[in-house]
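Number of protein chains: 2
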Amino acid sequence: MGHRIPRDQRVTTHVCLTARALGADGVYVSDAHDSQLADTLRKVTEDFGGNFTVETGVPWRSTITRWKNSGGTIVHLTVYGNPLPRIIGEIRRSDSDKLIVVGSEKMPGEVFHLADWNVAVTHQPISEVSALGIFLDWFFKHRLREDFPGAKVRILPSDRGKRIVRSD
Amino acid sequence: MGHRIPRDQRVTTHVCLTARALGADGVYVSDAHDSQLADTLRKVTEDFGGNFTVETGVPWRSTITRWKNSGGTIVHLTVYGNPLPRIIGEIRRSDSDKLIVVGSEKMPGEVFHLADWNVAVTHQPISEVSALGIFLDWFFKHRLREDFPGAKVRILPSDRGKRIVRSD
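Here the protein sequences line up with chains A and B, keeping their order.
Sequential numbering from 1 applies to the first sequence in the numbering used here.
Sequential numbering from 1 applies to the second sequence in the numbering used here.
The shape of chain A in the complex, shown without the other chains (with noise of 0.2 Å):
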């Protein structure tokens, strides 16, 4: 949420990017129209597989109102909600589809009670990318996925140098 062209660009592409590699299926980016970050996620995923998707310019009430409509729920990772170890389990206990609001210092407070769950990653000040790969690392047990299908381009375990293998 509270995505802004151009200040906030590399930071959201690091949220989207995390969120890929730790296993969610997609982002929506709300409020601003951003072809350069969905181009940006596209040609990762085409090259590193798997299906993501990223929606771009969406309005963030309507997304979250949807979701929940849809029998979804909403994790909102805030430094001001209940700690991740004292809350995860309930959460994975939890079948329904997760989409999980991060943004910028200034959460409009209506987010807090749309929320299902209000997770604090640590209850110090840190950043949204890393609370949403730390949160998504706990969701999924901590099982590192390496399965992307359709990849063209995977990255072998290396001591010191570079392994890349192209299959296109």
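Don't read these hints as lab results, they were simulated from the structure.
Given that identical chains are not distinguished, each listed pair holds provided it fits within a single copy or across any two copies.
List time: in silico DSSO-like cross-link candidates among lysine-lysine, alpha-carbon distance up to 30 Å: (1) K141 - K152; (2) K106 - K68; (3) K162 - K98; (4) K98 - K141; (5) K141 - K162; (6) K106 - K162; (7) K162 - K152; (8) K68 - K162; (9) K152 - K106; (10) K141 - K43; (11) K152 - K43; (12) K98 - K152; (13) K162 - K43; (14) K98 - K43; (15) K141 - K68.
For this one, chain A is given, so just place chain B on it according to the hints.
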């Protein structure tokens, strides 16, 4: 590494906040002096406690070399490295002081050789912000830290609202 003003200021701030929140003792920001960044972190540490140190404008090569010469080891987070789950045990067992090196895409090849461990937080394009957060969370065995001595501001868990305690 590779901090540029103004292009990287927000992302580097996210890196530093993540380092502090996840339990690092301090950061070196290489290459560019950035007093604004140092001030932001000083203010956060004054308010939220702990002894986080920030040094900006340090040359990366001599910082790494000095660290190694005084018995410390280097962890370089890179998509090309060995998978985090495979290598974290070995890193945790080493009781040397650790310097975690992160930066943008274009890392000098030398860094891969100076590093004691090249570690991939997934082999997918990700963000150095979330890679650092996830690495530190794994390194500290998922015990998210909440004890920052001398905090003037504390945020308390809440289901919906904002609960802030100030003690100045």
